[in-house]
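**Student:** As you go down the protein sequences, you meet chains A and B in turn. Under my numbering, think of the first position of the first sequence as 2, with each following residue one higher. Under my numbering, think of the first position of the second sequence as 12, with each following residue one higher.
Any given hint could be a false lead.
What the hints assert, rightly or not - With beta-carbon atoms standing in for the labels, derived distance ranges: (1) B/Gly170 x A/Val35: 55 to 65 Å; (2) B/Asp133 x A/Asp56: 38 to 48 Å; (3) B/Gln39 x A/His60: 45 to 55 Å; (4) A/Leu393 x B/Gln39: 48 to 58 Å.
Said to hold, decoys possible - Now the stretches of chain A that chain B is said to cover, found in silico as 3 or more residues with beta-carbon under 8 Å: (5) 3 to 16; (6) 381 to 394; (7) 400 to 407; (8) 417 to 424.
No wet-lab data here; the hints were simulated from the structure. Positions of the beta carbon are idealized from the N, C-alpha and C atoms, including for glycine.
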Amino acid sequence: MEITSARFKKVASQKLADPKVQAALANAKGRFVVARARAIKDLDNFEEIRQAAADVRDHCLANLDQYLEEWERKATAAGTIVHWVESAAEMTRVVLEIARSNEVRKVIKSKSMLGEETGMNEYLERGGIDVRETDLGEYIIQQANEHPSHIIAPATHKSKDDIADLFAQKHQRPRLDDITKLTHEAREILRPHFLDADMGITGANFLVAETGSTMIVTNEGNGRMTTTMPRVHVAISSIEKCIPTLEDVSLIMRLLARSATGQSISNYISMTTGPRRQGDSDGPEQFHVIIVDIGRTRVLGSDLRPALRCIRCGACMNHCPVYQNIGGHAYGWVYPGPIGSVLTPAYVGLEKALDLPNAATMCNQCGVACPVKIPLPDLMRKLREKQTQLKLSPASQRAGMGAWAWLASRPFLYGLATKVAVRLGKLAGGKESMLHRLPFAGREWTRGRDLPAPRGRTFREIYAARKKN
Amino acid sequence: MRVGLFVTCLADLMRPSIGLAALKLLEQTGCEVVVPSTQTCCGQPGYNAGERGAAQALARKLVAEFSDCDYVVVPSGSCSGMIKTHYAELLADIPDIKAKAEWLAARTWELTDFLVNVAGLDDIDARFDGTVTYHDSCAGLREMGVKSQPRELLSKVAGLTIREMEGAEQCCGFGGTFAVKYGDISARLADLKCEDVEKTSADALVLGDLGCMLNIEGKLRRRGNSHTKVLHVAEVLAGMTGDEIE
Chain A
2 MEITSARFKK VASQKLADPK VQAALANAKG RFVVARARAI KDLDNFEEIR QAAADVRDHC
62 LANLDQYLEE WERKATAAGT IVHWVESAAE MTRVVLEIAR SNEVRKVIKS KSMLGEETGM
122 NEYLERGGID VRETDLGEYI IQQANEHPSH IIAPATHKSK DDIADLFAQK HQRPRLDDIT
182 KLTHEAREIL RPHFLDADMG ITGANFLVAE TGSTMIVTNE GNGRMTTTMP RVHVAISSIE
242 KCIPTLEDVS LIMRLLARSA TGQSISNYIS MTTGPRRQGD SDGPEQFHVI IVDIGRTRVL
302 GSDLRPALRC IRCGACMNHC PVYQNIGGHA YGWVYPGPIG SVLTPAYVGL EKALDLPNAA
362 TMCNQCGVAC PVKIPLPDLM RKLREKQTQL KLSPASQRAG MGAWAWLASR PFLYGLATKV
422 AVRLGKLAGG KESMLHRLPF AGREWTRGRD LPAPRGRTFR EIYAARKKN
Chain B
12 MRVGLFVTCL ADLMRPSIGL AALKLLEQTG CEVVVPSTQT CCGQPGYNAG ERGAAQALAR
72 KLVAEFSDCD YVVVPSGSCS GMIKTHYAEL LADIPDIKAK AEWLAARTWE LTDFLVNVAG
132 LDDIDARFDG TVTYHDSCAG LREMGVKSQP RELLSKVAGL TIREMEGAEQ CCGFGGTFAV
192 KYGDISARLA DLKCEDVEKT SADALVLGDL GCMLNIEGKL RRRGNSHTKV LHVAEVLAGM
252 TGDEIE
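If we strip away everything but chain A, and leave its shape as in the complex, we get (with noise of 0.2 Å):
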C-alpha cells in the first residue's frame, strides 16, 4: 500500500473540519470506549489477565523461532501447504501463482490487515482475478475504493447515510436509509460470489503452534464460509501471530473482542488445521499458509520489539484523543493510532512517517487500555529519539531544546533570562493578561487559542526576596 504518512498534517487539518467524517468519528468514540469498560469489569481479575497475556506474547516473541518450527511442522502433517516468504511483492506473487495453477477466476476474501499492508487485491486484479471482499466494512471500503480507516472497522470514517448513497450509485437499486436492510442488500448481493468463488484468501488473527492451526476470529461470518466453501484456501500471516497452545489462545481470547468491541466473545473463531479431510463435510481442497516476514524480524531484534506483541483489538487507537478526532486516514498506512504510530516507522522507515511518532500527547490512555501492555508513548520516544540522532527531527527543535538544557544547566544566567522574559510577557498580556499572538513556533498555539500571560515576577525572585526580608 502507499505510503502517505508524510502529509500527516494537512490530512488531519482536513478531517477535523471535514463535519461528516467529525460526525462519524463522534459516533464511534463513544460506542468503543463504553463498550469496552463495560466489558472489562465482567473480569474481576482483568489486570491479572492483561499481565499474563502480555508474558505469553513476550514468551512467544522470545522462541519465535521454535514455535513457527513447530507450527509448520504440525500444519504439514495436518496436509497443509507452507510458504515462507521475506516481502511483499514476494507474498502477493506466491498468491498470484497458486491462483493461476488452481484456475482461479474469483476470489473471496475476509479482512486482513497483511493484505492491506502488501496491497494484495490490487495485485490479483491487475493479473485478471475478480476479488471480493467480503467482510461488511470492508466490502463498503472496496466499494468506494477507500482504504480502511481502523484496523476492526475499516469503514468507521464513513456514516450510515454516505453508504446509502454509495449502495444506490453501485448496486443501481433504490436507495435504502435502515442500516438492517442495507446490511441485507449487500449480503444478497454477496451471497452469489461465495458460491461461485474458486478461492479463499484470509488473514491470521493468531498461528495455534500445538496443533499447526491457523485461526481467525470475526463477527459476520463471512470468514468461516471464506475459509470452508472455495475449493482452495489461503492464509497469510505474519511470523509474529504464532501463539504457542491452545490454552494460550484461551487466555487471549478473553482479553480480545472485550478490548475491541466490548462482547465477552466474538460470533465466530474459526480454526483451520490443513485442508477437507475424508469425510468431512465442508472444508477446501487445497490449503496453503503464507507465512511472511516484512519487517518483523527487524523489530524483534530492535527495542520496538513490545509492538509485535499487539493482537490487532484496536483499543489504543479507540481511546486515543487524536485518532478519535482525525480518524485513521490522516496517519497514511495501514495501522492508524498509536500502534500505526509504532509499527508505520518501524515497517516502512523512520524517514517515510517522520510525524507518526510525534503527533501523540504522550496522555497514555492507550498504554492502559492495550491488553497486552504495549508501553506505546514509551516506544514513540524511542522513535523520537532515533529521529534525532538521524538529524531527522527539525533542526530548529534539536537547536531549541539544546539551548533550553543550555541555559537551564546554568541557574544564574537562567535566572536574568527568566526574569527579563516574564517582564515581556506580562506586558504583552496587557490588561486582561492574556496573549492572542505569539511569533515564531507560538503560532501553532495562539492560531486557535490564548495563552494566560506571565505575572511579572518569578517565583525563584519572589522567593529569594522573602527570604532576605
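Mind docking chain B on chain A? Use the hints.
**Tutor:** Quick look at chain B alone, frame taken from chain A:
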C-alpha cells in the same frame, strides 16, 4: 522530615502563585521545607522531544540538587511523573547517577498525594465560595495515581462544592511540544475539554498541572468565556485564589 519543593519551571515562569501556595501547604504540615535556589527544569521537554542528551543534563542537575531531601514534592503530576517513572530509564547509562536517580524517584511525590498519604494534612485553612470541577491530568492520573487525593482535600475547603465533569480523565491536548507542533489537533482537544467544563456550569476549573491550565484557560478565553476561573489545586487549598498574593 526534610521536604524539597520542586516548583517546576513552568510555575516559576508563568504562575509563581502555584509555588507559593505549595510552599504554604507544605509548611502547614510542619515539615522542614527547602527550596533549592538553583532549581530550573526537570528535563521533560527534551525527554519527550527525543533530545536525550538535553534531558540527561537537566535530570542530573535535579538529582544533585535534591539529594539531601527525604522527599521531593512537586505541584505537578507531569513533572513528578518525569522524576518518578522516567529518570531511572533516562539515566540508566550513567551507572553512579542511576542509583541516585532511583533513590530520588522513590521519594518523589505529587503535591496532593504527599499531603494526603505522607503528611496526613487534615485541616484545610481555606475558603472558596462556589462550585468547582476537577480535570485529571494525564501524567498525574496514569503515572502518579492521583485521582482521589485532590478531591479529598478540596472537599475540606469551606464553601466549596465539587461537580464532576464528563470525561474528566480525557487528555486536554496540551502534550508539551505537541501543542506547538500540532496546533490544530491540540486546540480541538482543548475545545472538547472546555465543552465538558462548561456543561458543569462550575465557577472554577481546578487541576494539578500548569500545562493543562494554560491550554484550557487559553481556550476558554478564546471561546469568549471570561467567567470560568482556572485554578491550580494548590492555590485553592492554600486560599490563594485571588491576585493579591503577587
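**Student:** Looking back at the hints listed earlier, which ones does the structure fail to meet?
**Tutor:** Result: hint 1 breaks, nothing else.
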